[in-house]
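These protein sequence lines are chains A and B, in that order.
If you use the numbering used here, the first sequence corresponds to residues 1 to 340, in order.
If you use the numbering used here, the second sequence corresponds to residues 1 to 263, in order.
Certain hints may be false.
Claimed, not checked - With the C-beta cut set under 10 Å, the calculated list includes, among others, these residues of chain B facing chain A:
hint	residue
1	Asp-8
2	Ser-42
3	Gly-47
4	Asn-95
5	His-98
6	Ile-202
7	Arg-227
8	Lys-235
9	Tyr-245
The hints are simulated quantities; they were obtained by calculation from the structure and are not laboratory data.
Ideal Cβ placement from N, Cα and C applies to all residues, glycine included.
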Amino acid sequence: MGYKLSPLAFDYYLKALRNTYRIFAPVLQKGKGKFAGTDVISYGEINSLDDIMLDRKSYFSPKEVLYPIRETLFYFLNDETKAPAINVKPILILVRPCDLNGIGKLDRVFLNNGQEVDFYYARRRELIKFAMIECVEGFDTCFCVSMDSNVANNYDMAVRFDEDNITVKVVDKSLITKDLTHADTAIFEPAFIQENKVKVTIPEVDLVTKKTFDHELWEEYTSRCIACGRCNTSCITCSCYTMQDIKLSDDKKIGERRRVWAGCHIDGFTNMAGGHNFRKKNGEKMRFKTMHKINDFYKRFNEHMCVGCGRCDDVCPEYISFSKCINKLNAIVREETLHE
Amino acid sequence: MNNPYLPDAYKILDIKKETQIDYTFKIAYEGALVGGQFMEISIPGVGEAPISICNYDDSSLEMTIRKVGNLTDQIFNLEKGDTLYMRGPYGNGFNLDHYRGKDVVFIAGGTGLAPIRKTIDHFVNNPDEVKNLEVLIGFKSPKDRLFIDDIDRWSEKNCVTVTVDQGDDSWTGKTGLITTHIDKLDLTNISEKIAVVVGPPIMMKFMLFELIKKGFKEKNIWVSFERKMSCGIGKCGHCKIDETYVCLEGPVFNYTTAKALID
Ligand SMILES: Cc1cc2nc3c(=O)[nH]c(=O)nc-3n(C[C@H](O)[C@H](O)[C@H](O)COP(=O)(O)OP(=O)(O)OC[C@H]3O[C@@H](n4cnc5c(N)ncnc54)[C@H](O)[C@@H]3O)c2cc1C
Ligand code: SF4
Ligand code: SF4
Ligand code: FES
Numbered sequence: 001m002g003y004k005l006s007p008l009a010f011d012y013y014l015k016a017l018r019n020t021y022r023i024f025a026p027v028l029q030k031g032k033g034k035f036a037g038t039d040v041i042s043y044g045e046i047n048s049l050d051d052i053m054l055d056r057k058s059y060f061s062p063k064e065v066l067y068p069i070r071e072t073l074f075y076f077l078n079d080e081t082k083a084p085a086i087n088v089k090p091i092l093i094l095v096r097p098c099d100l101n102g103i104g105k106l107d108r109v110f111l112n113n114g115q116e117v118d119f120y121y122a123r124r125r126e127l128i129k130f131a132m133i134e135c136v137e138g139f140d141t142c143f144c145v146s147m148d149s150n151v152a153n154n155y156d157m158a159v160r161f162d163e164d165n166i167t168v169k170v171v172d173k174s175l176i177t178k179d180l181t182h183a184d185t186a187i188f189e190p191a192f193i194q195e196n197k198v199k200v201t202i203p204e205v206d207l208v209t210k211k212t213f214d215h216e217l218w219e220e221y222t223s224r225c226i227a228c229g230r231c232n233t234s235c236i237t238c239s240c241y242t243m244q245d246i247k248l249s250d251d252k253k254i255g256e257r258r259r260v261w262a263g264c265h266i267d268g269f270t271n272m273a274g275g276h277n278f279r280k281k282n283g284e285k286m287r288f289k290t291m292h293k294i295n296d297f298y299k300r301f302n303e304h305m306c307v308g309c310g311r312c313d314d315v316c317p318e319y320i321s322f323s324k325c326i327n328k329l330n331a332i333v334r335e336e337t338l339h340e
Numbered sequence: 001m002n003n004p005y006l007p008d009a010y011k012i013l014d015i016k017k018e019t020q021i022d023y024t025f026k027i028a029y030e031g032a033l034v035g036g037q038f039m040e041i042s043i044p045g046v047g048e049a050p051i052s053i054c055n056y057d058d059s060s061l062e063m064t065i066r067k068v069g070n071l072t073d074q075i076f077n078l079e080k081g082d083t084l085y086m087r088g089p090y091g092n093g094f095n096l097d098h099y100r101g102k103d104v105v106f107i108a109g110g111t112g113l114a115p116i117r118k119t120i121d122h123f124v125n126n127p128d129e130v131k132n133l134e135v136l137i138g139f140k141s142p143k144d145r146l147f148i149d150d151i152d153r154w155s156e157k158n159c160v161t162v163t164v165d166q167g168d169d170s171w172t173g174k175t176g177l178i179t180t181h182i183d184k185l186d187l188t189n190i191s192e193k194i195a196v197v198v199g200p201p202i203m204m205k206f207m208l209f210e211l212i213k214k215g216f217k218e219k220n221i222w223v224s225f226e227r228k229m230s231c232g233i234g235k236c237g238h239c240k241i242d243e244t245y246v247c248l249e250g251p252v253f254n255y256t257t258a259k260a261l262i263d
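The shape of chain B in the complex, shown without the other chains:
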């Protein structure tokens, strides 16, 4: 009998410091993945946690991890060449077919950029697959910015807006809450435009409210949820909302489904 709880050891190929508290871990991995899926990663004896896959190729995957507690503190002590335990991938991830041929805006708050990074990258690299591509990203401050090189590369040919809640002396970019920048998007085609929104619960709440107010159609909005998860496989019950298991049917939901879910 297969034991889905047993994790395997994987080698850390590289560690990139994005911010003081967010590191991207590149891990040797072969297997089919979809951007927005997650892995249960662990250090035996310390703990296990769900982490989004933010990038992958044929022989590796990347995860950007924020140092917030027990397990993530210990992960930050690991070095290149060390092993990390993983099981997965879990969840549905972003289905590219929902965005192909469309006018799409990806909206991310803070670490919410991690789960959609790969999907944005795909459309930046395959511009013919979408009608129009825009990206709107909000960070708390300039020093909280993630994937700076990627964002620069995306900005070369696309409309990418980065805003910070609070600037500093050297910041020359945009400031203000992410919701205040919706007006700067190309809204000419709003009833057809697709929005993909990922971020902390409070940002999602206000962003969705604003998008609907502006005229986005509910069925054209996609979100990714974060919930407490222990198992990732529909058994532990922590991620359940009504009859929906976020780990199984999510974390990516169409807003028409998401709005009906009551925690």
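Bound-form chain A, shown alone:
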């Protein structure tokens, strides 16, 4: 069902939804930017339309709503272990199509990889419904169309934000409140961006060989990348973490085990006891990430991991562009294949 709402009516609708849902959307965090006095856009809980930040891309992805940066896995007290309870109020997240597709990639890892389901991810995931933000223009660094992630259909509701009105299409009937039944109905199918300024060509999965891994391309990144890991933390599809134990008392056995986000670009990601590590050079880290995003994830799950949100380009302090890297890689692979 489609409905057309004035900004005021939309606010009443949000208010009604908030009885049942916590609503998350991109919000402006004042003074939390990279440089003093600058702002950053990240996901946060909202109360009204005014809180939603739509004219710039969010620096951080919505993944922290379902996969917190730091999460207690369990507390222990003497010989008992206990997973903490979480707020079980259902969540509605406003996401763009690329991020909605990105969450599908997180699902692959946390829900489908191996025999086990990730308890912590799954219990939050079950609480979540998606309000997809119609996105037809994108931003400068986006390349979602090349990654086939400009279109998403698994939303519970779609929203078009115009200057003076908001149109919604509600798929999940439980999201229909009486505020909507009083509103004008409208015929609304969300449109999707059809062309980005940035385009990439992914090298054919099977044409990437050991030679591609050894190519001097990666050396360039050894000299440029500083292993800060921002590309990992801002990425909607990066899902790695490390466990951390914390002791709250020395004499009594009280403490907790947590997990915190980790990233393959950060030094120490592969360090083993004894000091051995497997990807010392930053170019090797870049190569590892690149292959995961556009080559080996595909071999496992039959879909690429990267959704082309372009955040890794936005956040890199060294101006390393992932889309350029993909295109360079493609040129190299084509060259290699021609010479076979």
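Let chain A serve as the given structure and place chain B with the ligands on it in line with the hints.
Below, chain B with the ligands alone, put in the same frame as chain A:
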């Protein structure tokens, strides 16, 4: 919903000192296991780490742990009767069917002996299951030797070579890097012979190079990998190499698969 991250408490039945820094912990455990699989063991508040299962029976399992850092230091303070937390088992382990009826050599460097100990033991106890069994083990020095009683027992009926990189005054056995002892193996049947190789990354690298040079077939070589691991269940990403998760598809790999993996 099952929570795979919650460990259970298990009782330590016995602790055996193998060397100054390697102790074998015997732990009460019931459940199906395969040699070469690993457990995530932990002390809450200290940390968690993957450790290979080096032996087991119906009511217990054994793990040989080297004291190298945070968690393992604390584990060494535990005593018989104390509890240790575990979850698992994880990984594929050594599939005995790959070695049954074959001419097999097990090659281990240092603590690499732990993951294959149970598999060697199985074939020593069931000699009819293999055509021929040899064991080649290298340690840094005589005082670094693990499972001395087991090795003596294995040597009674089988060809077991133990070498140390550096001997001492009382050492009368073989010396020299493990790779220099390949020639002493029975290589008459080399194109059919199976090699199982486990050890530190550097030893694996040179050993595999030498075995291939000598004429071992790639498909007849099996290795076990060690990587950083946080979860053991295919989620944390630390152990991933290309599209392969060492914790899920490994740690045991056929060399034809292993050689194509680029970290
Ligand atoms: C499948 C598998 C099976 C294993 N089986 C066994 C086994 O049977 N027995 C066994 O003893 N071990 C085994 N290990 C290794 C074992 O998991 C590690 O020794 C253990 O994690 C060490 O934990 P720790 O907390 O004691 O050490 P940590 O405190 O984590 O580290 C110990 C050492 O590593 C060094 N180190 C740590 N971090 C860094 C860094 N960032 N840079 C440089 N050096 C660093 C430290 O200097 C220290 O010397 C296995 C590993 C795997 C993956
Ligand atoms: S790799 Fe970069 S472009 Fe691709 S999903 Fe991650 S942040 Fe977005
Ligand atoms: S954001 Fe840039 S510099 Fe930082 S780790 Fe990623 S590629 Fe390297
Ligand atoms: S150890 Fe976490 S994915 Fe393998």
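Verification of the supplied hints:
1. Here the hint on B/Asp-8 is kept, as its CB sits about 8 Å from the closest CB of chain A, short of 10 Å.
2. Below 10 Å, beta-carbon pairs count as interface contacts, and B/Ser-42 has one with chain A at about 8 Å; its hint therefore holds.
3. Given hint, B/Gly-47 at the interface with chain A, holds; its Cβ is 5 Å from that chain's nearest Cβ, closer than 10 Å.
4. Interface hint status for B/Asn-95: violated, as the beta-carbon distance to the closest one in chain A is roughly 17 Å, over 10 Å.
5. For B/His-98, the shortest C-beta to C-beta distance to chain A is roughly 22 Å, which exceeds 10 Å, and the interface hint is violated.
6. For B/Ile-202, the shortest C-beta to C-beta distance to chain A is roughly 9 Å, which falls under 10 Å, so the interface hint holds.
7. Interface restraint check: B/Arg-227 against chain A, minimum CB-CB distance 7 Å, threshold 10 Å, status holds.
8. The restraint placing B/Lys-235 at the interface with chain A holds, with a minimum CB-CB distance near 5 Å, inside the 10 Å limit.
9. Given the 10 Å rule on beta carbons, the hint for B/Tyr-245 holds: about 7 Å separates it from the nearest Cβ of chain A.
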